[in-house]
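Chains B and Y, in that order, are what the protein sequence lines are. Just so it is clear: in the first sequence, position 32 is 32 by the numbering used here, and no numbers are missing. Just so it is clear: in the second sequence, position 59 is 59 by the numbering used here, and no numbers are missing.
Please keep in mind that the hints were generated in silico from the structure rather than gathered at the bench. Quick caveat: nothing in here was measured; it's all calculated off a predicted structure. Please note: incorrect hints may appear among the correct ones.
Pairs of lysine-lysine, DSSO-like flavour, derived with a Cα cap of 27 Å [as the list claims (entries may be wrong)]: (1) Lys-137/B to Lys-82/Y; (2) Lys-103/Y to Lys-113/B; (3) Lys-54/B to Lys-142/B; (4) Lys-14/B to Lys-74/B; (5) Lys-137/B to Lys-83/Y; (6) Lys-74/B to Lys-83/Y; (7) Lys-54/B to Lys-143/Y; (8) Lys-142/B to Lys-82/Y; (9) Lys-54/B to Lys-83/Y; (10) Lys-74/B to Lys-113/B; (11) Lys-82/Y to Lys-114/Y; (12) Lys-74/B to Lys-87/B; (13) Lys-34/B to Lys-54/B; (14) Lys-143/Y to Lys-103/Y; (15) Lys-128/Y to Lys-103/Y; (16) Lys-34/B to Lys-107/Y; (17) Lys-83/Y to Lys-34/B; (18) Lys-30/Y to Lys-74/B; (19) Lys-107/Y to Lys-83/Y; (20) Lys-142/B to Lys-114/Y; (21) Lys-29/B to Lys-106/Y; (22) Lys-45/Y to Lys-87/B; (23) Lys-45/Y to Lys-34/B; (24) Lys-83/Y to Lys-142/B; (25) Lys-106/Y to Lys-134/Y.
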Amino acid sequence: MAQAGSLVTDELRKLVGVESEPEVWEIEKGAIIKFAQSVEDRNPLWNDEGEARKTRYGGMIAPPTFTSMLRNEKLYDTIFELDLPAKRVLNAGNEIEFFEPIRPGDVITVTGKLADIAEREGSVGRMLVLTFEYTYKNQTGKVVSIGRNNIIRY
Amino acid sequence: MAQQVFFEDVAEGQEMPQLVKNPSTRQLVKWAGASGDYYEIHYDKDFAQSTGLDGCIVHGWLTFSFVAQMVTDWMGQDAFLKKIGVSYRGMNVPKQDIICKGKITKKYESDGEKIVECDIWAENTEGKKTTPGKAVVALPSHK
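If we strip away everything but chain Y, and leave its shape as in the complex, we get (with noise of 0.2 Å):
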């Protein structure tokens, strides 16, 4: 784990480190079991063609939990996410790198809450940002 990371040290535009995940089938078929989301066309590659996609796809919660994973990674232990969300706007395929990726873009104090509020998204080998989202994080303070 990354060490705690606080407010004061934070500046807008700031990039977080980016996570990359390499989802196999069987790590679909895990998600699958623990998250209780058996749709075939994640792990069924005949019922998957017989929808028109050309093999299984990642289950979108799954590349959201890896975005969030990229987050709390960053912000640490002794922070606090307050929102997360993200939009699937393109599919990711197993076997192939998810790139995590994150920004901030506003830094402001609330209710006296320190508050960061971040761009994340997902990208495919291509660049492509598949699964674009933002993150509002309360971090904690060295005041």
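Bound conformation, chain B alone (with noise of 0.2 Å):
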């Protein structure tokens, strides 16, 4: 039974590790520019072929933050219709760790889960932070990313 009072329910705790149906994004060279140029970033290895040949990488490669658009739509939905007393929802932050690059002609595939639920007190009151991880494998099996995001709901 869910504590008196908390913020965590029962149908929640229940979805604590377990991993998400994988989905699958093909990088294409075409969203990477278009990418970063919403960024406004001009650095040659999110933009430029020729000019990234030259670098270490052999080639253009992906900019840090673009595993943000390689959502696992599924977990998104299930933790956003999910029935909580605390409605309100949050982005706390967002962490990457980066093993190998990603190119263009990737095939990224996604899994997530979340990771772990803290209650705490903060600025806006009780508050639930929902841990959520992301593992991002290449066509070959390795994981290129794994990434962390904090959602508060309140």
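Put the complex together from the two separate chains, hints included.
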């Protein structure tokens, strides 16, 4: 049973550690360039194949925050549709670890899970901190990145 | 682009060149389209105000991207970003400066890699750190 007055419901507790269905993203060079242009980041690594070829990477790669668009919608929907006593949602933070660059032509498989739940008193009152962890694998099965995202419900 | 920075050339306490961004509402729409984040608080003023905000706000991920750009501009094309993260502590609004800054806090070698750890953040025009975080970078060496 959920503790009286707790924001953590049994339904939520059951989701902790449950891996989502994978979602697959084909990485197009044009999408990388469009992404970089929207940040107004002119680094040749994510804009210019010819220039990027001269670097240690040997060609274009995706910029660091590109994983923001490689979502796992199913996990996202599960969480946003949860009927919790705390209705309002805030993105509290993001962290990304990199092991290999993401390159044009890669096929990235994204799985995610609710890794942790914590209840805290904050400036907005009592709140839930939901920590999601995402794993990004490329077509060779190599983990290229791990992303962590703290979502607050209050 | 700045010249390549090498491990031997940096010291703890050293600051990175700041990057100043001033996103227009058009840029927020471009980001929405490129990233797929279509939450209306970022481009629909009426909607934003209906949620209690004064107006549209900048996507947290976009501010994070600006801070990441400050880091990758500084570290050069032959370094490797190992880790980067930020917390969203305050809101940034369009048509105002977002000032991205960073400072090296630690420098060491580990498993043959030359590592620097940095405090990084974005400030608003009042000097409030809206988006503080950390980055870990492997730098190339002269040796």
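The hints, checked one at a time:
1. Lys-137/B to Lys-82/Y: holds, 16 Å
2. Lys-103/Y to Lys-113/B: violated, 33 Å
3. Lys-54/B to Lys-142/B: holds, 25 Å
4. Lys-14/B to Lys-74/B: Holds: Lys-14/B and Lys-74/B sit about 16 Å apart, inside 27 Å.
5. Lys-137/B to Lys-83/Y: holds, 17 Å
6. Lys-74/B to Lys-83/Y: Holds, at roughly 26 Å.
7. Lys-54/B to Lys-143/Y: OK: Lys-54/B and Lys-143/Y at ~20 Å, within 27 Å.
8. Lys-142/B to Lys-82/Y: At roughly 16 Å apart (the allowed maximum being 27 Å), Lys-82/Y and Lys-142/B satisfy the hint.
9. Lys-54/B to Lys-83/Y: Holds, at roughly 24 Å.
10. Lys-74/B to Lys-113/B: Holds, at roughly 10 Å.
11. Lys-82/Y to Lys-114/Y: Holds - the C-alpha atoms of Lys-114/Y and Lys-82/Y are around 11 Å apart, at most 27 Å.
12. Lys-74/B to Lys-87/B: holds, 19 Å
13. Lys-34/B to Lys-54/B: Given that 27 Å is the threshold and the Cα spacing comes to 22 Å, the pair holds.
14. Lys-143/Y to Lys-103/Y: Answer holds: Lys-143/Y to Lys-103/Y is near 24 Å, not above 27 Å.
15. Lys-128/Y to Lys-103/Y: holds, 16 Å
16. Lys-34/B to Lys-107/Y: violated, 35 Å
17. Lys-83/Y to Lys-34/B: holds, 23 Å
18. Lys-30/Y to Lys-74/B: Distance ~25 Å between Lys-30/Y and Lys-74/B Cα, so the pair holds.
19. Lys-107/Y to Lys-83/Y: Distance of about 15 Å is within 27 Å: holds.
20. Lys-142/B to Lys-114/Y: holds, 23 Å
21. Lys-29/B to Lys-106/Y: It is violated: about 35 Å lies between the C-alpha atoms, which goes past 27 Å.
22. Lys-45/Y to Lys-87/B: At roughly 22 Å apart (the allowed maximum being 27 Å), Lys-87/B and Lys-45/Y satisfy the hint.
23. Lys-45/Y to Lys-34/B: holds, 25 Å
24. Lys-83/Y to Lys-142/B: holds, 17 Å
25. Lys-106/Y to Lys-134/Y: Roughly 11 Å separates the two Cα atoms, so the pair holds.
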